[in-house]
Amino acid sequence: MLREFLTRLRFFVSRKRPVDLDDELQFHLDQSTQANIAAGMTPEEARRQAGIAFGGVERTREQCHEQRPGQLLDAALQDVRYALRWLGRNPIFTLAVITTLALGIGATTAVFSVVDSVLLRPLPYPNSERIVRIWNTFSPRGMTEIPLSEPEFLEYRQSQSFAQVAGFSLGTVTLTGTGDPLRLVASWGTSEFFSVLGTQPILGRVFSSQEQQAGHNHVVVLSYKLWQNRFGSDPEIVGSLVHVNGDSSVVVGVMPSSFRFPSEDVDVWQPLLISLASSNLGNHYLNLVGDLKPEATLDQARAEMSTILVRVEQKYPSYYSGAAGIGVGLVPLREQMTGNARPTLLVLMGAVGFMLLIACTNVSNLLLAKAEDRKKEIATRTALGASRWRIVRQVLIENLLLFLASGAMGLLLAFFCLKMLPLGESLNVAQFGGVPLNLRVLAFAAIVCLLTGLLFGLVPALKASHSDFNDTLKTSGRNSMGNRHGARNRSLLVVSEIAFSLVLLAGAGLMIGSLVHLLGVNLGFDPKNVITMRMSLPEARYPLSRTATFYKALQDQVRSLPGVEAVAIANQVPMSDATANTSFEVEGRLAGTDINVADSQIISPDYFRAMGILLLRGRFLSEADTTPAPTSVMVNQTLAHKIWPGKNPIGKRIRFRSDAPWLSVIGVVTDIKNHGSNVATKPEVYFLHTDQPSGLWADFRSMTLIVRTAAEPQQTVGAIRGELKNLDPNLPIYKVLTLDQIVSASVSQTRFPALVLSVFAGLALLLAAVGVYGVLAYTVEQSRHEIGVRMALGAPRAQILRLFLGQGVKWAMLGGGAGLLAALTLVRFMRSMLFEVVPYDPKTFACGAAMLTIVVLTACYLPALRATRIDPMAAVRSE
Amino acid sequence: MPPSTDLLQGTLDLLILKTLELEPMHGWGIANRIQQVSKDALQIGQGSLYPALHRLEYKGWIKAEWASSENNRRAKFYSLTRAGKKQLEAELSNWDRLNTAIRLVLEQV
Numbered sequence: 026m027l028r029e030f031l032t033r034l035r036f037f038v039s040r041k042r043p044v045d046l047d048d049e050l051q052f053h054l055d056q057s058t059q060a061n062i063a064a065g066m067t068p069e070e071a072r073r074q075a076g077i078a079f080g081g082v083e084r085t086r087e088q089c090h091e092q093r094p095g096q097l098l099d100a101a102l103q104d105v106r107y108a109l110r111w112l113g114r115n116p117i118f119t120l121a122v123i124t125t126l127a128l129g130i131g132a133t134t135a136v137f138s139v140v141d142s143v144l145l146r147p148l149p150y151p152n153s154e155r156i157v158r159i160w161n162t163f164s165p166r167g168m169t170e171i172p173l174s175e176p177e178f179l180e181y182r183q184s185q186s187f188a189q190v191a192g193f194s195l196g197t198v199t200l201t202g203t204g205d206p207l208r209l210v211a212s213w214g215t216s217e218f219f220s221v222l223g224t225q226p227i228l229g230r231v232f233s234s235q236e237q238q239a240g241h242n243h244v245v246v247l248s249y250k251l252w253q254n255r256f257g258s259d260p261e262i263v264g265s266l267v268h269v270n271g272d273s274s275v276v277v278g279v280m281p282s283s284f285r286f287p288s289e290d291v292d293v294w295q296p297l298l299i300s301l302a303s304s305n306l307g308n309h310y311l312n313l314v315g316d317l318k319p320e321a322t323l324d325q326a327r328a329e330m331s332t333i334l335v336r337v338e339q340k341y342p343s344y345y346s347g348a349a350g351i352g353v354g355l356v357p358l359r360e361q362m363t364g365n366a367r368p369t370l371l372v373l374m375g376a377v378g379f380m381l382l383i384a385c386t387n388v389s390n391l392l393l394a395k396a397e398d399r400k401k402e403i404a405t406r407t408a409l410g411a412s413r414w415r416i417v418r419q420v421l422i423e424n425l426l427l428f429l430a431s432g433a434m435g436l437l438l439a440f441f442c443l444k445m446l447p448l449g450e451s452l453n454v455a456q457f458g459g460v461p462l463n464l465r466v467l468a469f470a471a472i473v474c475l476l477t478g479l480l481f482g483l484v485p486a487l488k489a490s491h492s493d494f495n496d497t498l499k500t501s502g503r504n505s506m507g508n509r510h511g512a513r514n515r516s517l518l519v520v521s522e523i524a525f526s527l528v529l530l531a532g533a534g535l536m537i538g539s540l541v542h543l544l545g546v547n548l549g550f551d552p553k554n555v556i557t558m559r560m561s562l563p564e565a566r567y568p569l570s571r572t573a574t575f576y577k578a579l580q581d582q583v584r585s586l587p588g589v590e591a592v593a594i595a596n597q598v599p600m601s602d603a604t605a606n607t608s609f610e611v612e613g614r615l616a617g618t619d620i621n622v623a624d625s626q627i628i629s630p631d632y633f634r635a636m637g638i639l640l641l642r643g644r645f646l647s648e649a650d651t652t653p654a655p656t657s658v659m660v661n662q663t664l665a666h667k668i669w670p671g672k673n674p675i676g677k678r679i680r681f682r683s684d685a686p687w688l689s690v691i692g693v694v695t696d697i698k699n700h701g702s703n704v705a706t707k708p709e710v711y712f713l714h715t716d717q718p719s720g721l722w723a724d725f726r727s728m729t730l731i732v733r734t735a736a737e738p739q740q741t742v743g744a745i746r747g748e749l750k751n752l753d754p755n756l757p758i759y760k761v762l763t764l765d766q767i768v769s770a771s772v773s774q775t776r777f778p779a780l781v782l783s784v785f786a787g788l789a790l791l792l793a794a795v796g797v798y799g800v801l802a803y804t805v806e807q808s809r810h811e812i813g814v815r816m817a818l819g820a821p822r823a824q825i826l827r828l829f830l831g832q833g834v835k836w837a838m839l840g841g842g843a844g845l846l847a848a849l850t851l852v853r854f855m856r857s858m859l860f861e862v863v864p865y866d867p868k869t870f871a872c873g874a875a876m877l878t879i880v881v882l883t884a885c886y887l888p889a890l891r892a893t894r895i896d897p898m899a900a901v902r903s904e
Numbered sequence: 009m010p011p012s013t014d015l016l017q018g019t020l021d022l023l024i025l026k027t028l029e030l031e032p033m034h035g036w037g038i039a040n041r042i043q044q045v046s047k048d049a050l051q052i053g054q055g056s057l058y059p060a061l062h063r064l065e066y067k068g069w070i071k072a073e074w075a076s077s078e079n080n081r082r083a084k085f086y087s088l089t090r091a092g093k094k095q096l097e098a099e100l101s102n103w104d105r106l107n108t109a110i111r112l113v114l115e116q117v
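Those protein sequence lines, which keep their order, are chains G and S. Every number in the numbering used here is 25 more than the matching position in the first sequence, counting from 1. Every number in the numbering used here is 8 more than the matching position in the second sequence, counting from 1.
Same shape as in the complex, but just chain G (with noise of 0.2 Å):
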């Protein structure tokens, strides 16, 4: 076998020398020519009889030829040969399918691969699928992430379904020492944080369970990022100190840069502490992550969960009375992190797909076109002896060559649209680490581009190998209308093209209808002209009354910087930073006959006139209600709504806790849209900035400063700075954003998707209207001669655009009602990424008709015009 192999491959590598077959074929004549003499033949007749029965020379060398190894491959590179050199005489056909296709499979190939690296490619932890989010729910609300208090995390740490569970917090802290004070993003874990991710650190280790004592916690673990950026890639970093939030801490490891968890910007781990007597029931904070042990379900872990809840409600009668219809929800982890770009991804990929299989279409129509060209070609080749596979073989590598040409365009034209995009933002996905064009990428355009390939290209290549010598011969390129059977291909394949486009075109117009929803939500505040801007006091040099003091002088400074018309802070912007919130009991209302929960937005008195907000009802908060202890709060209209239904909420009390003061509403204000456009508003507490919190927990150290200016916002920020330098030179400011780009930002999930579409839907268009265009105009060019004998019969030149413009009708109809019947069927996928637009829109379908009908028929008018340009004497006679 081997040795077979080997002399094979000698002679593939070697070939023999044409001379030396042709001598031995000579040798065999002559030697039979010379039987033939000694047999008495005269010379010459020898010489013929040898001749005869040798049989055709030519065909026994072609034989031998076909022996070689190799054969085949040698066929076909003589197939690509003659297939470059055709294309290369054909400039526009080529370029006209390369473009089309590329940008049909570039699309695809974009959209393809970041469907990989969203929902396909596995999370860079080990055992990723079997790790789980925690939360509680709340039906009665809605709510479906609430995240956990010390107690209850306590108990479920226990579940047998887990291996471990582990709880963590995310926050900032600020990094001083060596170089300018750096903001970072800081997440805080317990014991099992690290092992149930799984990864192991670079440098170093992580945790002990000893360092989750207090006293033994200032030890910190670096991203990789971090490592890289402030510390020059030091190996020797572990076991140094670096100053975090003010205490010196030491660095105990690096963690590879595959791990951002629970984020992607985290740049530092420490250690989360908890007293196992922890009784804080009521500050949700803890954020819960455990690992399924392989023998468990999702169901069997749900199901003992909530059994661990209902010994946990039984442990705390008293918290847990009002709370009727909480549970508990697992999430697995990447679920959780691709959230709701699940559904716009799958649909873009779908419409993605649409749009390849028009250009698909319109390559298939040029093809067949082409075929129809070649017929004489085809019939001379076929007369001179090729094969009827031979003939399909050429065509088919014609064809496989235009789509490989086109995949490698199409792949570098991914390549840049996947560079241009913000991706990560539009799309909302956490863990996003772009989006490389990996193998399963390449493969994947690969596998498109061959299946497109054999798939539209074979059935023009056997089309084109079908043809009748003779007949074609015969006809000699006249083709009148009564070509049915091609005809009706054509008209098949532009049916479809309007179809697909109809389909893509609803799509993009609800994505459109449901952003400018979107952005007609009357925000209940004026995003116009107002910059904010970030910061952290760290707590070891602020306590509660100096964070008071920087906050105000902060205040007072900027108030006197020339262009600025207010200044506030707050502790979250709408749109922006995670909300707090905060329960609360009503005067005169039993406690714990009901959860009343609000965000807890604790801000300074100007912040209403900053943000543009409307006073409904009673006063604004001034200085005055915080001295010397707060006294007065402020609520939002839902509130007001909610809890004194058709009564005067002013003068009503509420307190945080039961055992701080009681607090007065002294004012009523409009909604906002907290929490972005498409989401409703919830109940509101706003809480003056002071350094007595009356029992509100939240972080006071944490708030941006919101400055509305007359001009232009961004002008003021250098001096803002400055400002906030002579305060206190070792403060790190972040997210420095206008409202504006904050707004807009928010509504990002609702324009990616609406930009996307529309851009697709357009190509479509353009495609679909090229591809009527083209049917068009070749079935005008092959009727000339009808049209001649019509218009020298007497047909009216109205009567021939009638005719022609009466095709594109019937098209329209035809692929317009398919495209409604599938975009029909195909828009509920998109629900729940609408905005106040049903899936069922006529108003959008109805558009999407028009359009395409105007289109259709602008695209037929043009090879309609010039039919009824045609000379009928010219065309009768060129015959």
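Calculated directly from the structure, the hints in this document are not laboratory data. Idealized CB from N, CA, C, for every residue including glycine. Keep in mind that the hints are not guaranteed to be accurate.
[As the list claims (entries may be wrong)] Stretches of chain S that chain G covers, calculated by requiring three or more beta carbons in the stretch to come under 8 Å of a beta carbon on chain G: (1) 27 to 34; (2) 100 to 109.
[As the list claims (entries may be wrong)] Heads up, incomplete: computed chain G residues facing chain S, CB under 10 Å, no partners named: (3) Leu50; (4) Gln56; (5) Ala78; (6) Gly80; (7) Phe193; (8) Glu402.
Fit chain S to the known structure of chain G by using the hints.
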């Protein structure tokens, strides 16, 4: 010339290998030898002989050398390789089996 018997598929290879077992030969010689030995029953057409020779050479069962023929002309002589000898044995036993099998069927039915 008596009509030539159609050769069973693959039999030509066997005949060529068997003929070459005795001594190296050129194509003309091989065709002649088979014709003579079979008493003109088997006539090998050049159209199938030479492709077969080339095929066998590509498979490494025979090798070709240019040498002088009996009448002092340069001719291409084929000879069996070691692999060819093994192949011949294998094909012979194959042939025997087939032969026996066919005979059994013919005598029985």
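Hint by hint, here is what the structure shows:
Coverage of the stretch 27 to 34 of chain S by chain G is violated. Counting CB-CB distances below 8 Å, 1 residues qualify, and the rule asks for three or more. Check result for the stretch 100 to 109 of chain S against chain G: violated, 0 residues qualifying (beta carbon to beta carbon below 8 Å, three or more required). For the restraint placing Leu50 of chain G at the interface with chain S, the shortest Cβ-Cβ distance is roughly 7 Å, inside the 10 Å limit, so the hint holds. For Gln56 of chain G, the interface hint holds, the least distance from its beta-carbon to any beta-carbon of chain S being 4 Å, beneath 10 Å.
Interface hint at Ala78 of chain G: satisfied, since its Cβ lies 8 Å from the closest Cβ of chain S, which is below the 10 Å cut-off. Annotation: interface hint on Gly80 of chain G holds; nearest CB of chain S at approximately 5 Å, less than 10 Å. Violation of the interface hint for Phe193 of chain G is found here, the shortest Cβ-Cβ separation to chain S being roughly 69 Å, above the 10 Å cut-off. Using the Cβ-Cβ criterion of 10 Å, the hint placing Glu402 of chain G at the interface with chain S is not satisfied: the shortest such distance is roughly 31 Å.
Hints 1, 2, 7, 8, counting from the list given before, are not met by this structure.
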